[in-house]
Every structure is written in structure tokens, then in C-alpha cells.
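Number of protein chains: 2
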Amino acid sequence: MIRKPEVLARKLGLNFSQPALFIQALSHRSSGSRNNERLEYLGDSVLGFVIAQQLYQLFPEAGEGVLSRLRASLVNQTVLAELARQHNIGDYLILGSGELKSGGFRRDSILSDALEAIIGALLLDQGIGACQQWILGLFNDKLAGLKVDSWNKDPKTRLQELLQSRRKELPVYELISMSGADHAQTFEVKCSVSINQQSTVGIGISRKKAEQLAAENMLNLLTHQNA
Amino acid sequence: MIRKPEVLARKLGLNFSQPALFIQALSHRSSGSRNNERLEYLGDSVLGFVIAQQLYQLFPEAGEGVLSRLRASLVNQTVLAELARQHNIGDYLILGSGELKSGGFRRDSILSDALEAIIGALLLDQGIGACQQWILGLFNDKLAGLKVDSWNKDPKTRLQELLQSRRKELPVYELISMSGADHAQTFEVKCSVSINQQSTVGIGISRKKAEQLAAENMLNLLTHQNA
Numbered sequence: 021m022i023r024k025p026e027v028l029a030r031k032l033g034l035n036f037s038q039p040a041l042f043i044q045a046l047s048h049r050s051s052g053s054r055n056n057e058r059l060e061y062l063g064d065s066v067l068g069f070v071i072a073q074q075l076y077q078l079f080p081e082a083g084e085g086v087l088s089r090l091r092a093s094l095v096n097q098t099v100l101a102e103l104a105r106q107h108n109i110g111d112y113l114i115l116g117s118g119e120l121k122s123g124g125f126r127r128d129s130i131l132s133d134a135l136e137a138i139i140g141a142l143l144l145d146q147g148i149g150a151c152q153q154w155i156l157g158l159f160n161d162k163l164a165g166l167k168v169d170s171w172n173k174d175p176k177t178r179l180q181e182l183l184q185s186r187r188k189e190l191p192v193y194e195l196i197s198m199s200g201a202d203h204a205q206t207f208e209v210k211c212s213v214s215i216n217q218q219s220t221v222g223i224g225i226s227r228k229k230a231e232q233l234a235a236e237n238m239l240n241l242l243t244h245q246n247a
Numbered sequence: 021m022i023r024k025p026e027v028l029a030r031k032l033g034l035n036f037s038q039p040a041l042f043i044q045a046l047s048h049r050s051s052g053s054r055n056n057e058r059l060e061y062l063g064d065s066v067l068g069f070v071i072a073q074q075l076y077q078l079f080p081e082a083g084e085g086v087l088s089r090l091r092a093s094l095v096n097q098t099v100l101a102e103l104a105r106q107h108n109i110g111d112y113l114i115l116g117s118g119e120l121k122s123g124g125f126r127r128d129s130i131l132s133d134a135l136e137a138i139i140g141a142l143l144l145d146q147g148i149g150a151c152q153q154w155i156l157g158l159f160n161d162k163l164a165g166l167k168v169d170s171w172n173k174d175p176k177t178r179l180q181e182l183l184q185s186r187r188k189e190l191p192v193y194e195l196i197s198m199s200g201a202d203h204a205q206t207f208e209v210k211c212s213v214s215i216n217q218q219s220t221v222g223i224g225i226s227r228k229k230a231e232q233l234a235a236e237n238m239l240n241l242l243t244h245q246n247a
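Protein chains in written order, with our numbering: chain A, 21 to 247; chain B, 21 to 247.
What the hints contain is simulated information worked out from the structure, not anything from laboratory work. Keep in mind that a hint or two might mislead.
Heads up, the list lumps identical chains together, so a pair's fine if it works in one copy or across two of them.
[Stated by the list, open to error] Straight line, CA to CA, 35 Å or less: simulated DSBU-like cross-link-like pairs of lysine-lysine:
#1 Lys229 x Lys121
#2 Lys24 x Lys228
#3 Lys121 x Lys173
#4 Lys31 x Lys229
#5 Lys176 x Lys31
#6 Lys31 x Lys188
#7 Lys229 x Lys210
#8 Lys121 x Lys228
#9 Lys176 x Lys210
#10 Lys167 x Lys188
#11 Lys121 x Lys24
#12 Lys173 x Lys31
#13 Lys210 x Lys121
#14 Lys121 x Lys31
#15 Lys228 x Lys210
Could you put the whole structure together from the sequences, leaning on the hints where they help?
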């Protein structure tokens, strides 16, 4: 059963003057040629901009690196899918029969794309001001929960704290290789964690730098996956 | 000699109500703590949004992949540095003495960052409408020169055309490895070009797919470098 898009629009606090745009935003590419791929592209860019601007204003003392990491922690597939689930967007998706059977309405990528497409549709329908307001409402709790302090720490510390908060074993760092002449050595370090049985690699001009890079890569892996 | 920022602002058609923001946008981090790093972060996001929206409207038939590639072809360090040079932004940069001596005002990364920072400063000073208008003026020739057709082609064809347009030798594709059982083989292909003596790798479920991915990676390499 496909539920009525206007019901979802009302729940989301949206009132489209061009309802066809909203329907298109809910239409996965498996449903046909009038799908949400272009709207998702548009929504992705406006979402990135609105969150970037908001973080800039919220954290006047934060450097560019911290702001970028904060944004990546908010604007990623996992968080967007979580927000889409909170609003039951999956129940209203328009999917082709194959995706419907395989449970596409539950998939992170499809949910996240649909939410971005809704944002793109809203931009086209009502302009950047209304779109910005709606995005900030959607992300209100996430923005309020941000602790900038934790993003000022170095990657190894942040990875350790993330794993501790999930009550998982600490990461293991191993030197894989050293190469180059004495004055220009390169170090390659592997970072392994038990949480996902995965490892990442960092390459740097010192062992410490290589470890930090490997930790940073692992953080990216863990925060962009459903680990 | 440091030239007067207001002269540059006038040349750029900008009239800041908060000139300090414009001065900050010209200040590389080597010059002190009140530098352009946060403004660059902000400008990068607004630039991405404005160009994404413009491409969406200019090319109603283009799919999401084409739009993304078009945007990447416009919003990258090489193009931004080129635009910065056209407007002599390097002459007005505020650099620390080390960067000044080593010719930092000529470096792509510093020029590109400064241009993004100017966009960020403009957003703060005059809002998104004025900022959008200025960006579209800045990119006017680039946008007018876009040929969407060339972006619909597959990566191997695009790479070949790019190299031909630069009168360079064609790429060489080599099969590096095949692995996996018969029904689930993985192919690894290396793409090498003489232009930069570099190579990229693609991994796919067929040799053809692996070649296309390797070509795509090479295109990214060539369009994001000063090749």
C-alpha cells in the first residue's frame, strides 16, 4: 500500500505549492524516470551549505578543521537515514517492485537520498529562506547536542573516546613499513578495531603522524557506517 | 608592498559594509590569528550550493552524475586559482613573511582559498542573494562554456578526448590481477598516462568496468591537479 504523500507533507510541516515536486522527491529511481536523483543532488548541496553556515555561527571559536568535522558528523548517510526514520519517510517512498520486495524502504542509502530530495524539492518550491528554516528545525536536536570540545581533540583521542562510549576494545596500532632515506622517511601504520573487524592505514613523515591519520580514517569509517 | 584592499574590492564590484571582513578574507593563516580559514570553509559551502543550483537549472535533462561532474569541473582548486589570477587577487593577499618570500601569492591553494574566503565574507556581509549574484557573474564565462554532451560520455572516452585536446599520448590500460571464483571474479586494471607519469587503478566485476573506473580516477586526478 502506498500512503498518501500529502499526509507525510503535513507531518513534516510542509505545504508544497507544487505537490508534484514532493511526490518526485519520494520517488526512487527504481520507480521510473521521474525520480528523485536530481532533487537529491540539489538537496545535498543546500543541506551542506545551511549546516555549514549554522555551525559557523554557533561556534565562533572553532577552527576550519573542527567545523568541517562537525559538519561531516551531521551530514552523512547514517544521520540522514536516522532522521528519515524518525519521520517515517520510508512508509511513503515510491519504489519499483524489485526494491519494494527487497525492503528498499528500510535501506539507509534510499532513506537518506529521499530526505535530501525533499530538501531539494523544498528549495525549488519555496526558496532558500524557507528551506533553511525547515532544515534547522529538522536538525535542531542534533545541533543542540553538539559538543565542540570533543572535536578539538586529536583523532587518536577521539577514536579512543568513541570506542569507550560504545564499551568496545581500544584500537591497536601497528607499524607496517618504513621507507625512504634517513632524512625523508615515510611511516605506514595500521589501525585495527574489534568493533567492525576492519582496519585503516595512515602514512606520514613520523610514526605519530601516521597513527593520527590511521585513526582519522577509522573515525570516518565508523561515523559513515552503521557500525 | 601591500596594496589597498579597497582597490581590489572596487575592481571586484564589491562594496563591503564591514570592510574588516574583506581584509580578513585576504589574510592567509601565515599572517596571524585573524585569518581567512573559517571564511574559506563558509565560502566553499555557499559556492558549491550556488553552482549546484545553477547547473540544475541550466541542464534540465542532465542526470545527477553529469551534474556532479560538471560541478567538480567548475569548483576545484585549479579553476578557482585561475579566476583569482584573472582578478589579480594574489597582489592583495596578506601573507606572513615566510609565505611572502616563498611566493605564496602565486600558489594555487592559497589563491583558491582566498577566493572562497571572499565569497564567505560576502555572504556574511550581504546575504545569500548578493553572494549568489556575484558568484554567477564570476563564473559567467565558465558556465557559458560548458558542454553538457561531453559529460554524458563514459570515462574512457572523456579521458581520451581530454588527452587529445592537450595533444598528449593516449592512456594505456593494463590488467594487473584477477581474483575470486569463476562466478564472482574481480578485475584490477591500471591506467597510465604519459602527461603526468602517474597511474590510477580501477577494480570491477568485469575488465571493462575496471577500466572505466581507472579512467574515472585518472580524470579526477588530472582535473584536480595542474597537469
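Comparing the hints with the structure gives:
In this homomeric assembly, Lys229 and Lys121 come within 35 Å of each other (Cα to Cα) only across copies, at 28 Å, whereas the closest approach inside a single copy is 47 Å. Within a single copy, Lys24 and Lys228 get their C-alpha atoms no closer than 56 Å, and across copies no closer than 43 Å, so neither meets the 35 Å cut-off. Only between protomers do Lys121 and Lys173 lie at most 35 Å apart by alpha-carbon distance; the minimum there is 33 Å, versus 45 Å within a single protomer. Proximity of Lys31 to Lys229 under the C-alpha cut-off of 35 Å is found in neither arrangement, the shortest distances being 48 Å within a copy and 43 Å between copies.
In this assembly of identical chains, the alpha carbons of Lys176 and Lys31 never lie at most 35 Å apart, being 42 Å within a copy and 46 Å across copies at closest. In this homomeric assembly, Lys31 and Lys188 never come within 35 Å of each other (Cα to Cα): the closest approach is 38 Å inside a single copy and 57 Å across copies. Both within a single protomer and between protomers do Lys229 and Lys210 lie at most 35 Å apart by alpha-carbon distance, with minima of 12 Å and 29 Å respectively. With identical chains, the CA atoms of Lys121 and Lys228 are at most 35 Å apart between copies only, with a shortest distance of 30 Å across copies and 49 Å within one.
In this homomeric assembly, Lys176 and Lys210 come within 35 Å of each other (Cα to Cα) both inside a single copy, at 13 Å, and across copies, at 34 Å. For the identical chains of this complex, Lys167 and Lys188 are intra-copy neighbours only, at 21 Å inside a copy versus 51 Å across copies, given an alpha-carbon limit of 35 Å. Only within a single protomer do Lys121 and Lys24 lie at most 35 Å apart by alpha-carbon distance; the minimum there is 20 Å, versus 65 Å between protomers. In this assembly of identical chains, Lys173 and Lys31 lie within 35 Å of each other by CA distance neither inside one copy nor across copies; the values are 39 Å within and 42 Å between.
For the identical chains of this complex, Lys210 and Lys121 are neighbours neither inside a copy (40 Å) nor across copies (38 Å), given an alpha-carbon limit of 35 Å. For the homomeric pair Lys121 and Lys31, the shortest alpha-carbon distance inside one copy (26 Å) is at most 35 Å, but the shortest distance between copies (60 Å) is not. Taking the shortest Cα distances, Lys228 and Lys210 sit within 35 Å of each other both inside one copy (12 Å) and across copies (32 Å).
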